[in-house]
Structures are given as structure tokens and as C-alpha cells.
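Trainee: Position chain B with the ligand relative to chain A; hints supplied.
Just so you know, the sequences run in chain order A and B. Each residue of the first sequence is one higher than the one before, starting from 55 at the first, in the working numbering. Each residue of the second sequence is one higher than the one before, starting from 15 at the first, in the working numbering.
Hint data in this document are derived by calculation from the structure and do not stem from the laboratory. Ideal placement from N, C-alpha and C gives every residue a C-beta, glycine not left out. Honestly, I wouldn't trust all of these hints.
As the list claims (entries may be wrong) - Lysine-lysine pairs mimicking BS3-like chemistry, simulated, CA-CA at most 25 Å apart: (1) A:LYS233 to B:LYS29; (2) B:LYS98 to B:LYS70; (3) B:LYS121 to A:LYS186; (4) A:LYS186 to B:LYS29.
Stated by the list, open to error - Just so you have them, the derived chain A footprint on chain B, three or more residues with Cβ under 8 Å: (5) 45 to 59; (6) 122 to 136.
Letter by letter, the chains look like this.
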Amino acid sequence: MFSRTRPEHKAPPDLFYDEKEAQKYTGNSRMIEIQTQMCERAMELMLLPEDEPCFLLDLGCGSGLSGSVLEENGHYWVGVDISRAMLDVAQERETEGDLILGDLGDGLPFRAGAFDGAVSISALQWLCNADKVNHNPQKRLYKFFSSLFACLSRTARAVFQFYPENSKQVELITAQAMKAGFYGGIVIDYPNSTKAKKFFLVLMTGGSAPLPKALGVEESLPQTQAQFTSKREKFKKGNRKNVKSNKEWILEKIERRRKQGKPVREHLSKFTGRSRPTKF
Amino acid sequence: MKLLTHNMLSSKCLKGVVTGYPLTIIAKDVKVSEVDFNQEFVSRVLPKLDWNVLWKAAERLGHVGELPQTLIENYENDPEFLKKVHHVLLEVEVINGELVCPETGRKFPITSGIPNMLLNDDEV
Ligand SMILES: C[S@@+](CC[C@H](N)C(=O)[O-])C[C@H]1O[C@@H](n2cnc3c(N)ncnc32)[C@H](O)[C@@H]1O
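Chain A with its partners taken away, still in its complex shape:
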């Protein structure tokens, strides 16, 4: 179903965010307030080291409303956006971040390990659309996430506030993030309020950690959090079984047999499970 109220359905982002829209967007005090609040929450979820100035990425930075929040917290940032008109307004507003005109779906043009973290406010849902005949959202998301994984440091997190259209989009996005090597999941703030409900995708580079608690819920309900382990972790786990040493495996097997009341050889020698020369 095509809703006419979702900007993503009206035009591609570089055309939708033209000069008029960029001015309108940035001049709206309600808009400023909302974007600021969401970026503050994203910063909280990013768990940066306290009181250290960091080097951050703002993905789909637009006119720099989210970037201003990063600055106010003492950080330095680089913003990427596909709309020149939005970036021009960011410059007019004299935001401090350095700006780059680029399409997130083509991958990020940065060197490995460059950034301490990334935020993205109200931009990710745009990548779920195919705006050109050669666009494949799944491939573009994968390219984007894998290039993001590469340009973040190994303690960094990336936090995306986004407006998914349906659960399929959430699945599409998380699946591609996982495939790219990220850990993490979705945090839903105020899940019971139609107006205040907000989706955050929290991605981690350096291993799986518990997701932060959602706001506006008594206990952390299962519906407000959905955690995934990255493909890499699954692969590692799957593999670990195979690389378990012979000795470990034998000891476990003996234990199992003992529990089942089956006869076992009690005497293990230092040669138990030792690797032996292979013969053909």
C-alpha cells in the first residue's frame, strides 16, 4: 500500500529534499525539537566513553539538526547526505561538522577504523526503497552496513532512529546489518504510544552486549527489544564445536556414558585424545 504521507513514497531523497523542503524542514521549531530529542536519545544509546571528545559520523545528516546535538556534547563529526540542498542549509547554519555529498547505499567512502561511533536520525528507512531501476534495497543496505562496519573502531556503536513502514522492513534492515558483522538489535521506546513510539537500531562492532532498556515500559518487555547475534558470531559458535579438542570431546562422551550408566574406561592417560599421525 502506498501512503502519500511518507516522504519516501513521494520522490527520491535528493529530489524530495530540495531547497524549499530543506528550508521548511530546518525552520520548523517543532521539527528541530523532535530531531534534537531523538538524537539525544541516540547519543545515550551509543554509550560513548564519558567526557571524551569523539570523532563521529552522522549518516543522513541533512541540515545538521542531529549534528548540532553531537557538537553540544563536545564531539567532532562528519556528515554524509545525498541532498545538496540540505547540506547547504547545514552550512548556512554554521554547524561545525564537515559535510560530504554521498549516497549511503553506495557504501561509505572512509578508511578502516576512522570513527568512534555513528548516529543516524530519520534516514535509514529511505534505503528500503528502490528509487532507480538498478537499485536493489537488500544489496544497498548490505553495502552500506558492511562499509560502516569497516570504518568504525572496534569499540564503536552505531545508533539509528528510523521510521520502518512495516515489520518486513525491520527484518530486511536487521538481516543485512547482521550479515555485515554487527551485533545488536532493536530498541522500541514508548511502544504503547502511537505518537511517542520510536524505533532505534543499536549496532555494536566489538561483540555482543546486552541491549539498553527501552523507555516508557515498566519492565523491559520482549516486544520492546529484539536482539540478534551477528552472522560472524553464529559462524564462530558453530565452528567451535568442530575445533573442540579430541580430549574435551572424549571426556564429555565419557561423562555422558557414565550418566547413562554405561561402562566407561576409568583410566585416561596423557595420551587420551592426543593427535596421532594421519595414515592413508
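Mentor: Chain B with the ligand in isolation, oriented as in the chain A frame:
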């Protein structure tokens, strides 16, 4: 575009490009502006930099000043040195010019301070 950003930029998104680093700067207009000095940030970001690339870029723009060609040791406790690094990283900006991919020669224009890294359909 600040030289800090340039130090991190690559053209590896182009089809067939392996590292795409460093991008050569062809500068038409360079602006120097004053930015507050944050010693902690500069010393924290330094280990991430390719020093050689930073030095060459600064030299090319004519702003290398007294910056040493090889990175000094124990810079954390050397505010005078860190101030020089701060200057080239954050105060020197390319306003108009081009970035050139070292592998393909593809040029990315910089206009009013913003590098255009958009790719054509046949480049992705
Ligand atoms: C709702 S605005 C949010 C801007 C800013 N983050 C804020 O909080 O005010 C969404 C932005 O995403 C950008 N965008 C959409 N698709 C993009 C893409 N494929 N690559 C880069 N930026 C994109 C748009 O140009 C727009 O500036």
C-alpha cells in the same frame, strides 16, 4: 573539507578500486579559519591518522608550517606540537577543488567546501 576528513576519505566505493587512498587534492580555494583548540581531541585522534598523508596534504596546500615530517614521540604532553596538528587538521579547509582517485584518476569535485562523492550508475 578539512584535512582531518581528507585523511579518512577513500574512493574504494568505486567499482574495481581496492584501497582508493589517499585521494590527491587539487585545491583551487583554500580557507583558513579559527577553530577552538581541544588538546584532548587532537591527541585522541592522532593514532588514527595517516601522518604521512596529513603532512603531504598540508604541504601541498602550502600550510605545513613547522609540522615535522615524521610524527614525534610522546606528543600527548606537547601542547605546542598538538596546536600545530590542530591547525592543519581543523583550521585549513579546501573550499573549491577536486579529489582524485589514485587508482582510476576519477575526479570528485569539491564545491563550497563539500566533496561530491556521488557515484554514477556504472561505477557501483
Ligand atoms: C528526515 S531528514 C533527517 C536529517 C537529520 N538527520 C536530522 O535529524 O535533522 C532525512 C535525511 O536523510 C537523507 N537521505 C535519504 N536517503 C539518503 C541516502 N541514500 N544517502 C544519504 N542520505 C540520505 C535525506 O537527504 C535527508 O537529509
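Trainee: Starting from A:LYS233, check that the Cα of B:LYS29 is at most 25 Å away, please.
Mentor: Distance ~21 Å between A:LYS233 and B:LYS29 Cα, so the pair holds.
Trainee: For the pair we were handed, A:LYS186 and B:LYS29, check the Cα-Cα distance against 25 Å.
Mentor: Holds. A:LYS186 to B:LYS29 sits at ~18 Å (cutoff 25 Å).
Trainee: Go check the region 122 to 136 of chain B versus chain A for me, would you? Three or more residues, Cβ under 8 Å, otherwise it fails.
Mentor: Answer holds; 9 residues pass the 8 Å Cβ test.
Trainee: Do the alpha carbons of B:LYS98 and B:LYS70 lie within 25 Å of each other, as the hint requires?
Mentor: Cα-Cα ~15 Å, so holds.
Trainee: Need the status of pair B:LYS121, A:LYS186: alpha-carbon distance at most 25 Å?
Mentor: 23 Å, holds
Trainee: Three residues or more, CB to CB closer than 8 Å: is that satisfied between the region 45 to 59 of chain B and chain A?
Mentor: holds (count 6)
The structure shown violates none of the earlier numbered hints.
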